[in-house]
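As you go down the protein sequences, you meet chains F and L in turn.
Sequential numbering of the first sequence, starting at 110, is according to the working numbering.
Sequential numbering of the second sequence, starting at 47, is according to the working numbering.
Among these hints, one or two may not hold up.
To be clear about the criterion: a stretch of chain L counts as covered by chain F if any three or more of its residues have a C-beta under 8 Å from a C-beta of chain F, and this derived list gives those stretches [to be verified]:
hint	region
1	57 to 68
2	134 to 140
3	153 to 163
Calculated directly from the structure, the hints in this document are not laboratory data.
The C-beta atom is built at its ideal place from N, Cα and C for all residues, glycine as well.
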Amino acid sequence: MEKDLRRLLYETIGEVFEKMFFTFLDMPEDCAQEPDKSEPLFMEANISLTAREQGWVRFYFPEALARHITVNFLGIEAHGLDEKKIRDTLGEAVNMTLGSLLGRIDPQAICGTIGIPEVHALQGVSVGDVLANPEVIAFHSEFGWLLMEFGLLKACFGLSANP
Amino acid sequence: MAFNIMVVDDSETMRAVVKKVVGMSGVAVGEFHEAENGKKALEVLDSSWVDVILSDINMPEMGGIELIRAIKGNEVLRHIPVIFITTEASQVRIDEATNLGAAGYIQKPFVPETIKTVLLDVLEKAYAQRFKEEKPVLAEEGDAELDF
Chain F
110 MEKDLRRLLY
120 ETIGEVFEKM
130 FFTFLDMPED
140 CAQEPDKSEP
150 LFMEANISLT
160 AREQGWVRFY
170 FPEALARHIT
180 VNFLGIEAHG
190 LDEKKIRDTL
200 GEAVNMTLGS
210 LLGRIDPQAI
220 CGTIGIPEVH
230 ALQGVSVGDV
240 LANPEVIAFH
250 SEFGWLLMEF
260 GLLKACFGLS
270 ANP
Chain L
47 MAFNIMVVDD
57 SETMRAVVKK
67 VVGMSGVAVG
77 EFHEAENGKK
87 ALEVLDSSWV
97 DVILSDINMP
107 EMGGIELIRA
117 IKGNEVLRHI
127 PVIFITTEAS
137 QVRIDEATNL
147 GAAGYIQKPF
157 VPETIKTVLL
167 DVLEKAYAQR
177 FKEEKPVLAE
187 EGDAELDF
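One chain only, chain L, in its complex shape (with noise of 0.2 Å):
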């Protein structure tokens, strides 16, 4: 079984470079969902299922911090792990997406070994059986150093 990934942002070109890096990172996708901001995103949610979301803080009509309230306000939603992948830098934005329950925080710019690793860890973290389960595809493809 593969994970179902959503990545949230208003920059199509920026969905399509994570989706790209999340592609060679090893991580067994099965279905990949993008959204351009986080009404759109709730929407997706609605109606599939997703096991982690990566989304950008800063977008139009709905950003990140609120998806993420929406989201961890949610009972059905909730366990949900979400990770900004964001320009915002500040320690105090940081701390605030923390405390609202996001699993991880990947500051713009970064490497795709940044991403790869904090993508595998929340997944872990998150899904403990079965990313064990999936193991192997990781094993066997996640040792690539990624061409980027």
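Isolated chain F, as found in the complex (with noise of 0.2 Å):
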């Protein structure tokens, strides 16, 4: 992947993670950390973009970190969580991500359509079985691994792989 849409993507997700989430993220190369590959992964989340073709974001989050940045989007005390509200957050995280993205790219013009986003439950899957695609993206916060996989999102948004 080139070294600018690595770049624009951690721009992307470190603001909407910040602004939202009160959550610092850091790129492997900026941190000292290796990720974790038996940490069990908690629930993936993602979203379609219809443009020129069909792409999608997904993002795979460890349980601590999904229930951190939950707590802090709504402002509530961790004995109040519960599954839904987890889900709705990281479903709002992803669809924020997409959406910030599409701006960043192109704003002058419409170059996709965002999805509804959908999120799962994962079981038996861990940091290691993600990271095995050399495509996904590790971003460090001190509550786990955010993992980010995207598919043809590069033709949706029209970028070359050899710029």
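Two chains, two separate frames, one set of hints: put the complex together.
Structure follows, in structure tokens:
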């Protein structure tokens, strides 16, 4: 993946997580730690984009990070959490990320229609399983690693793999 | 007299967040209505008086653009200001909403101050006299910095 797209994704996701969830993310190269590949993943949130082609963005959350951003987003105590609140928050996270990305890449044009976010619980899936895909980007947070995977996003936005 | 506010968003969590921010904004809120899409919002408008609508665009069944079209095409409802709070960031989409009569446009991710500023601005323009009467409440509570 080209460096510019990677940096753009990081800046976009970083802004969403900082502004809405008060959570700071680091790129792996800016952080001394390596992902713990055995760490189980808790939920995935994905959203589709229809532009020149169909694309999608998917986030994978460890449980601690999912709970942390939900508590911060809603301004509630941890004991007030339930699964619905977590699912809604993770859906908003992926929704806002793709919307922001769309605005940053091509704010003057309609370059895509964003779908409705979907959130699913994960069982038996670890960080290492998802990182087996070399296109996955990992972002470090103090509550675990956020993993991001996307399909056909470059084609949707008309980005070239070799600019 | 306070303002009746409706938040339209398919995410219950986002409705709760917006409700919280509005509550902290210093605006005197009377009734607070919620709807999960444009269709449900129109049902609320059938039976309740609403002064301002804060709506998402991208929702199942009936989105925000269809909702504002329906509102602006209705003689009784067309005066109600609609503020969009949405991830939709393209200029074309913003222009489309403005041309359809949107009173404000807030892009997610937002900081609470943005909602406060836009909401106060829209209410002041739409209800100048009533807003003036509410001013003491706003001056008293609205000065506080939003702690979100």
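TODO: Against the structure, test the hints numbered earlier, and report the numbers of the ones violated in rising order.
DONE: none
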